[in-house]
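Residue numbers (this note's numbering), protein chains in the order written: chain A, 1 to 407; chain B, 408 to 747; chain C, 748 to 1043.
DSBU-like, lysine-lysine: derived pairs with alpha carbons at most 35 Å apart:
1. A:Lys-253 x C:Lys-801
2. A:Lys-293 x A:Lys-166
3. C:Lys-801 x A:Lys-308
4. A:Lys-169 x A:Lys-253
5. A:Lys-224 x C:Lys-801
6. A:Lys-198 x A:Lys-224
7. C:Lys-912 x B:Lys-728
8. A:Lys-352 x A:Lys-368
9. A:Lys-198 x A:Lys-153
10. C:Lys-922 x B:Lys-728
11. A:Lys-96 x A:Lys-352
12. A:Lys-253 x A:Lys-166
13. A:Lys-326 x A:Lys-352
14. A:Lys-175 x A:Lys-153
15. C:Lys-801 x A:Lys-274
16. A:Lys-303 x C:Lys-801
Keep in mind the hints are simulated off the structure, nothing from the lab.
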Amino acid sequence: MSLTRRQFGAISAATFMAGMPRASAQNAPIKIGAVNPYSGGMAQYGDEVTRGFELAVDWVNAQGGVIGRSVEIVRGNATSAQEGIAAVEQLVGRDKVDILVGTYVTAISNAASESALNYNKLYWETNALARDLTDRGLPNYARSGPSSNEFAKRSVEGALELVAAKLGKAPKDLKIWMEHEDSAYGTSIVKEQERLFKEAGLTTGIGSHSARAIDVTDSILRAKNANPDLWMSTAYVTDTNLLLRAARDQGFKPPAIMLLGVGDTVETLEALGKDFLEGILLVSYPRPDVNPKFGPGAADYLKAYRAKYSRDPIAPQSMNAFVGIKILYEAIKIAGSIEYEKVIKAAASLDKPLGTYEAGYGAKFDAKMQNSRALPVVAQWQGGAVKAVYPKEAAAEGVSIVNLPRS
Amino acid sequence: MSNLEQRQAFRQTIVVKSLRQELPICALVVAALLCVVFLFAGDSFTLNILAATFLYAGLATAWNIIGGFGGQFSLGHSVFFAIGAYTTANLYLSFQISPWLSLIPAMGLAAVVAVLISWPVFRLRGPFFSIATMAFTEVALALAMYFDAFTGGARGLSIPFRLGFGNMIFRDRFSYALLMLGYFAITLVVVAAIARSRLGYCLQAVRDNDEAAMASGINVLQTKLQGMAFSAALTGAGGALFLMYVRVVDPPALFSLFDVGVKIALVALIGGIGTIYGPLLGALLVIPLENLLRAELGASVPGGNLIVLGIILVLTAIYLKRGVFGTLQHAWLWSRRRTT
Amino acid sequence: MAEFVNVLAVGLLLGGIYSLISVGLNLIFGVIRIVNFAQGEFVMLGMYGAFAAKMALGLDPYLAVGIVVPSLFVLGAVIYRMILMPLQGEAMMQVFATFGLLMVLQNVILALTRGTTYSVNSALSTMSVTVGPVQIGLVRLIVLVAATAVTIALGWYLKTSLQGKAIRAVAQDRKAALLMGIDVERTYMISFGIGTALAGLAGCLLSPLYSMSPQIGINFIMPAFAVVVLGGLGSVGGAYAGGFIVGMTEAIAGFYLDPALKHAVLFMVFIVALLVRPAGLFGHAGAQEVGLREQS
Chain A
1 MSLTRRQFGA
11 ISAATFMAGM
21 PRASAQNAPI
31 KIGAVNPYSG
41 GMAQYGDEVT
51 RGFELAVDWV
61 NAQGGVIGRS
71 VEIVRGNATS
81 AQEGIAAVEQ
91 LVGRDKVDIL
101 VGTYVTAISN
111 AASESALNYN
121 KLYWETNALA
131 RDLTDRGLPN
141 YARSGPSSNE
151 FAKRSVEGAL
161 ELVAAKLGKA
171 PKDLKIWMEH
181 EDSAYGTSIV
191 KEQERLFKEA
201 GLTTGIGSHS
211 ARAIDVTDSI
221 LRAKNANPDL
231 WMSTAYVTDT
241 NLLLRAARDQ
251 GFKPPAIMLL
261 GVGDTVETLE
271 ALGKDFLEGI
281 LLVSYPRPDV
291 NPKFGPGAAD
301 YLKAYRAKYS
311 RDPIAPQSMN
321 AFVGIKILYE
331 AIKIAGSIEY
341 EKVIKAAASL
351 DKPLGTYEAG
361 YGAKFDAKMQ
371 NSRALPVVAQ
381 WQGGAVKAVY
391 PKEAAAEGVS
401 IVNLPRS
Chain B
408 MSNLEQRQAF
418 RQTIVVKSLR
428 QELPICALVV
438 AALLCVVFLF
448 AGDSFTLNIL
458 AATFLYAGLA
468 TAWNIIGGFG
478 GQFSLGHSVF
488 FAIGAYTTAN
498 LYLSFQISPW
508 LSLIPAMGLA
518 AVVAVLISWP
528 VFRLRGPFFS
538 IATMAFTEVA
548 LALAMYFDAF
558 TGGARGLSIP
568 FRLGFGNMIF
578 RDRFSYALLM
588 LGYFAITLVV
598 VAAIARSRLG
608 YCLQAVRDND
618 EAAMASGINV
628 LQTKLQGMAF
638 SAALTGAGGA
648 LFLMYVRVVD
658 PPALFSLFDV
668 GVKIALVALI
678 GGIGTIYGPL
688 LGALLVIPLE
698 NLLRAELGAS
708 VPGGNLIVLG
718 IILVLTAIYL
728 KRGVFGTLQH
738 AWLWSRRRTT
Chain C
748 MAEFVNVLAV
758 GLLLGGIYSL
768 ISVGLNLIFG
778 VIRIVNFAQG
788 EFVMLGMYGA
798 FAAKMALGLD
808 PYLAVGIVVP
818 SLFVLGAVIY
828 RMILMPLQGE
838 AMMQVFATFG
848 LLMVLQNVIL
858 ALTRGTTYSV
868 NSALSTMSVT
878 VGPVQIGLVR
888 LIVLVAATAV
898 TIALGWYLKT
908 SLQGKAIRAV
918 AQDRKAALLM
928 GIDVERTYMI
938 SFGIGTALAG
948 LAGCLLSPLY
958 SMSPQIGINF
968 IMPAFAVVVL
978 GGLGSVGGAY
988 AGGFIVGMTE
998 AIAGFYLDPA
1008 LKHAVLFMVF
1018 IVALLVRPAG
1028 LFGHAGAQEV
1038 GLREQS
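Only chain A is shown next, with the shape it has when bound in the complex (with noise of 0.2 Å):
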């Protein structure tokens, strides 16, 4: 294929550039383009997610930078899949960035990774969630962090296997109880959650809310008729907020509750009070506190992240992305450039045992180019604080379960 003048124009500079004189990082650095959400509802995210990526670039500019290059991060703005292709469209052809990673949200993530694909460019994925966006087979695209899948089958293993236990029940005899909110978030992650429970042979009931309803009372009466034993909600904050606070109202007390992807914050703490939220489980991206043996680093990346913003992280996302960019490093240190092709195919290679990374993941990348290492954990509220508590290794030093059954 014909080069364009971009490509003509790169290939000779980096020949030039290659045959000078080598001084480390003088060469030009590697830009990165972050796509998220920096407006609207998202905007939270967004920014949490690119502090991770953020803290990333500092980590390996300390070092020296990735195959003698330094790193910089470049933000573009998207709100919408229309808003994607846009970002994309500034990022490289304006802010002439040489790879892209991302999105808060799944849908962003899949048009502007097709239009990183028109240009050539690697799309390293870190958050969004939707098994699709790998199933597509997108030859420029790789996810570092967990699917909606591995959500799910996580949530499925705290069910069957921690609270049957606790609450002294067979795994088959439980009954369960699924609310979700309608858009795709929620949807995908039930889906999955159903067919992983009728493989193990329980059937569940379900129950689905819009996120932006004033009330889900109703949500709330119609869990409380099945009586379940664990009432699990995957929902954003404000909702999850409503429904916990309705299910105090209505006297709604099933013996243990699993929130998915949220709830796991201070917006909640703030809302339901530490000892409503007491022993909740929650399951999603491993957090700072993990067990050092589990995820080695975690500590080092809470006191980086409070040396550069002066607060806590605000949700375990940005961790999440942290190492999804480590992975991005090695992948480019064993490619030796920055080619989607060749990024992808030393991803591939890539063989790392879980607990490798601060988050506890490893590295090893499946035939769609998911990372099958990047697992989400469980964690329970415990005095105020979310801490790790399943799989076993993930717990730290003197965690264990508490308020289970709830009293």
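Given chain A, work out where chains B and C should sit, using these hints.
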């Protein structure tokens, strides 16, 4: 009417333009835009913005038929937009029908649905009509999320990338810019034709005083329905093109009040409601500005771009009711009054 | 049977919430016929005001009412003066202007808070009252009581006080009101201010119930219009009833049909009501034309 207005109206009737006189102007406008596209060939960042601009210019021009000329401020055009997108998506994914061919059923279905839901709603006046159209959008959104057979539900539908003119899928932004320009050109010609036709005059009569129009023998409801049908059909076509451009759609994106429903009306308003070229001007002003604001401001001040857009909307509603084009036109007419 | 009673109770309390949210819009749109799409944002501002009062002064939301409500009155009066007064009689431009206002208010709060969700808890948040077979959260009960009290107070005010009568006069016929010596512009400004102040009151009282985010305003505005239209334009009691119609519809549809569809059911009912009786159930027929007459 005051003396001044009478003389202005008389001046205007002398120079009533027929479609034949209007077409060269349309051609000139489209040719100018074509030059702009060629000017930026190779700069995909700008071409992308141009493509979005032309798409919204077309959508706003289509809206203008019923909104500007007809005076019925529909804020629910996203329903027709979505029908166009979903029809094309389903025909493409299930039957591999080319989007070019799907345009016909997409437009037809949008027009039919428009007539069906507007028929009862047109008896409402002013803001009640707008609120009703917004209520329809809410209903359609909820139904689209719940009944996922045709819409893919919350997950939406995505068109896999298969290059080809027949598929209306292109690699470069240049082709998309031309595609959207073509869409705008067609809507422009249709609107020019309507504006200079009996339907156009009936619509404006209904807008200005529907009781007098009825007294003059105009079938008010039929006029409104015809206008709505044309408007919806063209909006549906825009939805189909949008689908092939972004290739991933879900109900929140298609039925979005701010990105579609209100934005179309906003663009027409800022440009000039009730003028043929006003919506184009509105799109040229709003869409690139919005992109620029989002890129520059959106990251540092979350929502900053929407704050500016909101302020512009408020100021336009207060001071520039006729929109930029309308105000200029009005000023030009007013300045020529002395030479009667 | 107990279940049905529970659903009814939920609907009743929800109706209280909707009535409270809509009472301000009822005054602004129902009585003085200004289309205000930003009304939901004023409720949101009331909520954030309660939050700010808690953070800065440690006030319980119920006490913060004393600060938030007057502030929102002033804000409303200012907004009326600057934005809506020039648009008198132009309903469609009011739609656009208030939409722009919606965008500005929502995103200013977003810019200030960067999108973090806040919660405000009152000392009363966790208390509930048992009435027969149903448990009712105290906060919701207070909302219901407040909605009733405000409705009665507003109705009394409009009917008997001089300023209230001025408001009604101005809404019925501007020119005649002017001829009677009423300062029309001032009256409109005061009415709008009262409307936004009532929205602020709703925000404060609702703040213990909802986790507030800048987007919450949009969730309120469409149901609020449904309430005002369903209940009856120009009828304060009608809007009160409208709140319960909406609340009941949602509660029953949500429980017996599907929570994901209740929104659709509500708006279909709304559309049917708009078509069949646009003046609302308790408004007098033709009420929807009042105020629009002046525009031709």
